[in-house]
Amino acid sequence: MRVLIVEDEKRVAAAVKRGLEAEAFTVDVAFDGTDGLWMATERRYDVIVLDIMLPGMNGYKICESLRTAGDWTPILMLTAKDGEYDQAEALDTGADDYLTKPFSFVVLLARVRALLRRSGRSETVTYQAGDLRIDPVTRRCTRGETDVELTTREFAVLEFLMRRAGEVMSKSEILDNVWDFAFEGDPNIVEVYIRHLRKKLDEPFDRQLIQTIRGAGYRLDPEGG
Numbered sequence: 122m123r124v125l126i127v128e129d130e131k132r133v134a135a136a137v138k139r140g141l142e143a144e145a146f147t148v149d150v151a152f153d154g155t156d157g158l159w160m161a162t163e164r165r166y167d168v169i170v171l172d173i174m175l176p177g178m179n180g181y182k183i184c185e186s187l188r189t190a191g192d193w194t195p196i197l198m199l200t201a202k203d204g205e206y207d208q209a210e211a212l213d214t215g216a217d218d219y220l221t222k223p224f225s226f227v228v229l230l231a232r233v234r235a236l237l238r239r240s241g242r243s244e245t246v247t248y249q250a251g252d253l254r255i256d257p258v259t260r261r262c263t264r265g266e267t268d269v270e271l272t273t274r275e276f277a278v279l280e281f282l283m284r285r286a287g288e289v290m291s292k293s294e295i296l297d298n299v300w301d302f303a304f305e306g307d308p309n310i311v312e313v314y315i316r317h318l319r320k321k322l323d324e325p326f327d328r329q330l331i332q333t334i335r336g337a338g339y340r341l342d343p344e345g346g
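The sequence shown begins at 122 in my numbering and counts up by one.
A couple of the hints might just be wrong.
List time: in silico DSS-like cross-link candidates among lysine-lysine, alpha-carbon distance up to 27 Å [claimed, not checked]:
#1 Lys-131 x Lys-182
#2 Lys-138 x Lys-292
#3 Lys-222 x Lys-182
#4 Lys-321 x Lys-292
#5 Lys-320 x Lys-292
#6 Lys-182 x Lys-138
#7 Lys-131 x Lys-222
#8 Lys-222 x Lys-138
These are calculated hints, taken from the structure and not from any lab test. None of the values given here were measured: they were computed from a predicted structure.
Given the sequences, and given the hints that come with them, work out the whole structure.
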């Protein structure tokens with residue numbers, strides 16, 4: 122699940138980003154309204170957390186622009202404390218929910234999950250390829266009858282490959298969908314996580330689900346299990 126945070130208070134944005142990433146979300150951050158609108162139109166998000174008071178363009182304008190363009194990505198608007206008019210205008214411009222500052226991360230997370238459920242984007246199914254099964258809600262991974270412990274990032278890489286089982290995914294596609302928008306590190310980090318997954322999911326079972334397609338990327342082959 123990918124979330125866009127548009128928030129100019131960098132400490133708030135960083136705290137929310139850390140919290141959501143700990144819950145296995147992939148998170149991008151914009152610190153002004155202009156960048157926020159551009160990012161929202163450049164990539165598909167499952168939820169947008171949008172502050173009202175932003176440099177460049179305020180949250181109302183961003184929300185209105187997205188809705189006018191036919192983009193109905195769920196939006197959680199962050200409003201001023203006790204700002205009844207802010208809350209009313211947020212809903213009138215197309216926001217799905219609002220949260221007043223200061224807020225608890227636990228409450229924000231619950232609101233995000235509620236938006237995902239209402240929009241039908243919440244994960245309510247498991248994914249299976251051969252004898253490999255994952256549950257995105259509980260983050261449980263099993264191979265046959267054996268539970269396999271994965272880190273948050275390992276699970277995110279595997280989930281992306283499971284969603285696209287049978288398709289060849291390039292390094293850049295995996296980076297774009299699992300790491301954040303501004304990632305500028307070594308793209309070979311993908312190889313590192315593929316190796317980790319193979320050690321945990323393939324080698325102990327003497328079967329190969331994750332295949333390397335030379336010059337193209339990686340494919341999770343359901344028939345490999």
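A quick look at each hint next to the structure:
1. Lys-131 x Lys-182: At roughly 21 Å apart (the allowed maximum being 27 Å), Lys-182 and Lys-131 satisfy the hint.
2. Lys-138 x Lys-292: Status holds; Cα separation ~23 Å.
3. Lys-222 x Lys-182: Roughly 20 Å separates the two Cα atoms, so the pair holds.
4. Lys-321 x Lys-292: Roughly 20 Å separates the two Cα atoms, so the pair holds.
5. Lys-320 x Lys-292: Within the cut-off at roughly 19 Å; holds.
6. Lys-182 x Lys-138: 23 Å, holds
7. Lys-131 x Lys-222: 14 Å, holds
8. Lys-222 x Lys-138: Satisfied, since the Cα-Cα distance of roughly 16 Å is no more than 27 Å.
Checked against the numbered hints above, the structure violates none of them.
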